[in-house]
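Q: Sequence:
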Amino acid sequence: TRRNQEKPQEADCFSHYPSDRPQEEPASGVSHVRALLTVFILFFINLLNYMDRFTVAGVLTDIENYFGIDDGKSGLLQTVFICSYMFLAPVFGYLGDRYNRKLIMSVGITFWSAVTLASSYTPKEHFWALLLTRGLVGVGEASYSTIAPTIIADLYVKGKRTNMLSVFYFAIPVGSGLGYIVGSQVGRVTQDWHWALRVSVTPGLGVIAVLLLIFVVKEPKRGAIEARPEHHLHQTSWLADLRALSTNHSFVLSTLGFTAVAFVTGSLALWAPTFLFRAAVFTGEKEPCVEGNCASSESLLFGIITCVTGILGVASGVQVSRQLRKKTARADPLVCAAGLLLSAPFLYLAIVFAQTSTIATYVFIFLGETFLSMNWAVVADILLYVVVPTRRSTAEALQIVISHLLGDAGSPYMIGVVSDSLRKTDSFLWQFRSLQLSLLLCSFVAVVGGGFFLATALFIEKDRHRAENYVPTGEADPATHTCSSTDRQQRR
Numbered sequence: 048t049r050r051n052q053e054k055p056q057e058a059d060c061f062s063h064y065p066s067d068r069p070q071e072e073p074a075s076g077v078s079h080v081r082a083l084l085t086v087f088i089l090f091f092i093n094l095l096n097y098m099d100r101f102t103v104a105g106v107l108t109d110i111e112n113y114f115g116i117d118d119g120k121s122g123l124l125q126t127v128f129i130c131s132y133m134f135l136a137p138v139f140g141y142l143g144d145r146y147n148r149k150l151i152m153s154v155g156i157t158f159w160s161a162v163t164l165a166s167s168y169t170p171k172e173h174f175w176a177l178l179l180t181r182g183l184v185g186v187g188e189a190s191y192s193t194i195a196p197t198i199i200a201d202l203y204v205k206g207k208r209t210n211m212l213s214v215f216y217f218a219i220p221v222g223s224g225l226g227y228i229v230g231s232q233v234g235r236v237t238q239d240w241h242w243a244l245r246v247s248v249t250p251g252l253g254v255i256a257v258l259l260l261i262f263v264v265k266e267p268k269r270g271a272i273e274a275r276p277e278h279h280l281h282q283t284s285w286l287a288d289l290r291a292l293s294t295n296h297s298f299v300l301s302t303l304g305f306t307a308v309a310f311v312t313g314s315l316a317l318w319a320p321t322f323l324f325r326a327a328v329f330t331g332e333k334e335p336c337v338e339g340n341c342a343s344s345e346s347l348l349f350g351i352i353t354c355v356t357g358i359l360g361v362a363s364g365v366q367v368s369r370q371l372r373k374k375t376a377r378a379d380p381l382v383c384a385a386g387l388l389l390s391a392p393f394l395y396l397a398i399v400f401a402q403t404s405t406i407a408t409y410v411f412i413f414l415g416e417t418f419l420s421m422n423w424a425v426v427a428d429i430l431l432y433v434v435v436p437t438r439r440s441t442a443e444a445l446q447i448v449i450s451h452l453l454g455d456a457g458s459p460y461m462i463g464v465v466s467d468s469l470r471k472t473d474s475f476l477w478q479f480r481s482l483q484l485s486l487l488l489c490s491f492v493a494v495v496g497g498g499f500f501l502a503t504a505l506f507i508e509k510d511r512h513r514a515e516n517y518v519p520t521g522e523a524d525p526a527t528h529t530c531s532s533t534d535r536q537q538r539r
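Throughout the sequence shown, residue numbering follows the numbering used here, covering 48 to 539 in sequence.
Worth flagging that the hints you see were computed from the coordinates, not collected in a lab.
Since the model is a prediction, treat every value here as computed from it, not as a measurement.
Glycine included, C-beta positions come from ideal geometry on N, C-alpha and C.
Careful: at least some of the hints might be erroneous.
[What the hints assert, rightly or not] Label pairs and their in silico Cβ distance ranges:
| no. | residue 1 | residue 2 | range |
| --- | --- | --- | --- |
| 1 | ARG145 | LEU83 | 39 to 49 Å |
| 2 | ASN210 | GLN238 | 42 to 52 Å |
| 3 | GLN238 | GLY206 | 46 to 56 Å |
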């Protein structure tokens, strides 16, 4: 009959898309157990990544006193790291789309661990050496951050990919919080901030990470799990990749929105513990710290808040997005926009109330950081489904460059410079007041970022459809042309 004749065609149509049914051998070439282990290994390395990145913030007051530097120079510690990280990201993005990703990450992690250890031996008269080594740390981390999400993308699709990305991005707030906690507490116990850098990411942990990468992680086939064999999705030139990404409205706008997230988180990451300590001095709760070890409870408390709010924010962002997708295909950018727009007023209130109520300040920081953390996994998922597999590492690298160039590469330094310029005297009152006023920039930037994500919602459906049905020039994909829109909707 006519109906029976149509059934094989329907099966062929649906075979173009990933199947949820068990398969003897996954299309990625990686077993389900090994894929799960891979995600947790990448999570572990990302945890070390962010612990190292934010250990400096936990002992920033000690570093200022040790080298005798002002807020502007203190901000440079984060800026030089982000700049090297940012400029090397496109290089590793290019390599990650074309060569063995395990090898690239292994070399980068080894280099990063060694340089982190070297930075802990900087003598008092050579602040420039600390800046140099922190900059070199960014080189190693760039090799990892641009590539790791693309491996997860080649292991999972759709809802499972979102879940695994959320696991991976839990490492950002948890690692950041542990960086504050470990840094401040090690500095307090040893009475020497140098040990904070030696303990946060020891060479031993770096070696463990590399060994796990080499012997446990298996390189998945690029795009195979999305039913796109590599011989169909062939490599294009780097300039062609850049042209394609620059015309992808969802990628460009979500990257600008994520830039606002980077600006705010970068500013708070470096300055929040110092600001909270100065607020405690301003209100008379703490004595000023002029010399010696300045480890305080503010770094510990802020670290705990960062860990907890990060877990809550990432989990709630993924869950809200999953539920909202049932009603609209624009769910992801709308969730990201809501996160930024809701964080702005709470961060503003936290900064303002710091001069009158410590409890209110911590409550508002908790709420503001929770909403801010809703973006991490969701914005990563947006990039992966609006960009074809052979361009994802390049897209990750480009997003890193833009978000850091306009975001947290300059924001810590900018906050420090504005604080120095607003300070009328070097009194403890003006040390607090000037930093308070400069941090208010964060709320404004959060609102702007929310606007970019709202704009992303206008293009997300079209760009996702274009990526799912991408056919390289000169090739024809029968499934793309024979599957109707109704078929695709049923498959989803």
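Q: Could you run down the list of hints and mark each one as holding or not?
A: Structure-based check of all given hints:
{"no.": "1", "hint": "ARG145 with LEU83: 39 to 49 Å", "result": "27 Å, violated"}
{"no.": "2", "hint": "ASN210 with GLN238: 42 to 52 Å", "result": "44 Å, holds"}
{"no.": "3", "hint": "GLN238 with GLY206: 46 to 56 Å", "result": "50 Å, holds"}
Checked against the numbered hints above, the structure breaks only hint 1 and satisfies the rest.
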